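Chains as they are written, first to last, in our numbering: chain A, 16 to 225; chain B, 397 to 938.
Any given hint could be a false lead.
Taking lysine-lysine pairs in the BS3-like style, the calculated list, with each CA pair at most 30 Å apart, reads [claimed, not checked]:
| id | chain 1 | residue 1 | chain 2 | residue 2 |
| --- | --- | --- | --- | --- |
| 1 | A | Lys58 | B | Lys413 |
| 2 | B | Lys413 | B | Lys887 |
| 3 | A | Lys176 | A | Lys110 |
| 4 | A | Lys59 | B | Lys821 |
| 5 | A | Lys59 | B | Lys894 |
| 6 | B | Lys684 | A | Lys58 |
| 7 | A | Lys209 | A | Lys176 |
| 8 | A | Lys199 | B | Lys454 |
| 9 | B | Lys454 | A | Lys58 |
| 10 | B | Lys891 | B | Lys415 |
| 11 | A | Lys58 | B | Lys894 |
| 12 | A | Lys59 | B | Lys935 |
Which residues of chain A face chain B? A few of them, derived with a C-beta cut under 7 Å, are [stated by the list, open to error]:
| id | residue |
| --- | --- |
| 13 | Pro62 |
| 14 | Val85 |
| 15 | Met88 |
| 16 | Pro155 |
| 17 | Gly166 |
| 18 | Tyr188 |
| 19 | Asp214 |
Derived from the structure by calculation, the hints contain no laboratory data.
Computed from a predicted structure; not experimentally measured.
Beta carbons are placed, not taken as given, at the ideal position from N, Cα and C, and that holds for glycine.
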Amino acid sequence: MFTGPSTYASEVDSIMLFIVASSVALLLIITVVMIYFVFRYNKKRNPVAENIEGNTPLEILWIAIPTVLVMFMFYYGYVAFADIRAVPANSLKVKVLARMWSYSYEYENGKQSDTLFLPNGRATKLDLISADVNHGFFVPAFRIKEDVIAGKINYLVLNPKELGSFDIACSEYCGLNHSLMYSKLVVIPDADFKKWLSDMPKDTIKIAGK
Amino acid sequence: MTHQAHDNSYVSYLDYKGKHSGIWAWLLSTDHKRIGLMYLTGIMLFFVAGMSLGFVMKTEMLSRGETLVDAQTYNALFTLHGVIMIFLVIIPGIPAAFGNFFLPIQIGAKDVSFPRLNLFSFWLYMAGGVVALSSLFLQGGPIDTGWTFYVPYSLRTNTNVSLALLAAFLLGFSSILTGLNFITTVHRLRAPGMGFFRMPLFIWALYSTAWIQVIATPVIGITIVLVIVERLFSIGIFDPALGGDPILFQHLFWIYSHPAVYIMILPAMGVVSEIIPTFAKRTIFGYKAIAFSSLAIAFIGYFVWAHHMFTSGMSDLARIIFSLFTFLVAIPSGVKVFNWVATLYKGSIEPRVPFLFVMMFIFLFSIGGLTGLVLGNLATNIHTHGTYFVVAHFHYVMFGGTVIILFGALHYWFPKMFGRMYNEKVATVSVILIFIGFNGLYFTMFILGYMGMPRRYWDYLPEYQLLHTISAIGAYILIAGILLMLHNLWKALRKGPKAVQNPWGGVTLEWTVPSPPPLENFDEIPIITHGPYEFPEAKGVK
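Chain A extracted, bound-state conformation:
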């Protein structure tokens, strides 16, 4: 029902809508009932209170209904999440190199770039590598992020289905210029990507060949 730059992004938005809709309903019930009681059982209208110590069926009901509801929420989140952890067999592999305070990207043939170019319609596994402290690789439009932890290689999978240019931010605090650590993801047609990837300046090839 949503159109995002990836199937996963639309899925996250649908789950968000489900949680927000249930939450708004619950919030409205709580607030409206509270305000109604304050008016209906105001001291002026109801000078003598009635002691009601509890009601077991009611207690069970309002434990059971929210439990079922949150288990649904848990399940949907789990299913969608498990999806993006699976790495498709023919995935492109790109290394994300994070340092204070910029990103660069290295492709399998050794080509390096400051902008993350990816082919449309093909899954990419991003290996996240930090040169110094922790960073957070965050692509808001794709609804994905994963921390880039020093001394540990995390990964995430990106599967674009739409051409365009998208922001990449750093979501884990990393010092002075944390808020300036932006980069771009550019999704281009597969053919253009192949051409771009093989088109390397001579010095880059030399570095890669070493």
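Got chain A sorted already, so can you dock chain B onto it with the hints?
Just chain B now, with coordinates in the frame of chain A:
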């Protein structure tokens, strides 16, 4: 009910003269009420300091680029704001100030079990505050790590991290000792006839909190010592460059700091369970459900810490387990909210100032709790993790929850503590300003977060401009409301009309002693024959 404060028949704890005089009559007092009041003073002063830092931060965010301060200063500001608000205001907050003051009175005791230890806890709190403040001015400069002190950044920065950690260590000890004192007091000093299920729910909440303080706080103490050692001697525990593990730090940090969230919120829930019956003039709905939900929250709260680490690269299985437990801990909080609202049914409600704070709490805390579902869900968490969505969520819970009830408790017990009354009209205006300002300030942050605005950012992209502006305006309204509230209370303190013994018609034990209470609270220890919220005039009382 006609008993007037400051009559000649007794000496109140405020006027009592012991062997010390002047400021020492306070700083060396082992009276739980004086200690509570000293905590309250410290907490309010630190709150105003933290709020001022917030004011500077929001003004910086009014426009893109440098508006008021540079990036380094901004990073220090949000770190200090977090450290002050969490370690010096919210964690000690309600238990140290109102718990100290009212726990012994509500269970019919003359003091806590260990009055000297109680004073020592306060001294540790002050020492922690002094060390935290001194880290601002000593060489190295104010810390810029964020209040979470994540390694390896906290090992690399040249700012005064070790000193700030030492402050947190001292404050942790203060918290442990207070917890120990409260547990012992609840077990040993209840008045004759007061079984556990005749205790006011505030006591249940303090009791549950105290167990978390005692069990969880040592973990942060050890973690802090390890970071200091790592900074000084480069041992290689957390630093990946030396073979250490930065994820280990995150686990240890959150094993304390998540249960600490419940240290912060449970006492506030206890206060809500006091205020609602008093103004609805009927017993609480589901006493045992509320009491047990406090224990359930305290228990399940130990097993959800790693939801702060959903994007840190933990195993998928760990993420799934912690997501499940996170959803489970939402249930007992929900139960409490439903029981509070149900308590209004067939009550005889007088919505005076403390009750207005409680209504505001129920609305704001519900939003805080419900947006927690977005963060507990793995898919939506990944997107909102580390963004303004999280900032909004925890301000709704910690500020909209705990601090709003800190204010509510202050208005509820003010006449009892000081024997004077404040202007209720002015207080109502401040409640309205706080409510409007709060939502303007923080609700915008949910939207910013979902749009992709990361937290701890000194600068932002042009598309976030409008919402940041609205948020800053909300902050100004909120601060105006808080200043009005503080001014009103300050005026009442100095020349407010004398308060009667029981201005709200409450039935727990603190309303049976004069306002302000005498030194040892009771002339004669009361004998308890019924539950805490039995209003004699209500229908259906046994």
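Outcome of the hint check:
1. A:Lys58 / B:Lys413: violated, 43 Å
2. B:Lys413 / B:Lys887: holds, 25 Å
3. A:Lys176 / A:Lys110: It holds: about 21 Å lies between the C-alpha atoms, which stays within 30 Å.
4. A:Lys59 / B:Lys821: holds, 19 Å
5. A:Lys59 / B:Lys894: Between Lys59 (chain A) and Lys894 (chain B) the Cα gap is close to 27 Å, so the pair holds against 30 Å.
6. B:Lys684 / A:Lys58: holds, 27 Å
7. A:Lys209 / A:Lys176: holds, 17 Å
8. A:Lys199 / B:Lys454: This hinted pair holds, its Cα atoms lying about 28 Å apart.
9. B:Lys454 / A:Lys58: The given pair, whose Cα atoms are some 42 Å apart, is violated under the 30 Å limit.
10. B:Lys891 / B:Lys415: holds, 28 Å
11. A:Lys58 / B:Lys894: holds, 25 Å
12. A:Lys59 / B:Lys935: holds, 16 Å
13. Pro62: This interface hint holds because 6 Å falls under the 7 Å limit.
14. Val85: holds, 4 Å
15. Met88: holds, 5 Å
16. Pro155: Because about 3 Å separates Pro155 (chain A) from the closest Cβ in chain B, which is inside the 7 Å limit, the hint holds.
17. Gly166: With Cβ-Cβ at 3 Å, under 7 Å, it holds.
18. Tyr188: holds, 4 Å
19. Asp214: Not OK, violated: Asp214 (chain A) not within 7 Å of chain B, min 31 Å.
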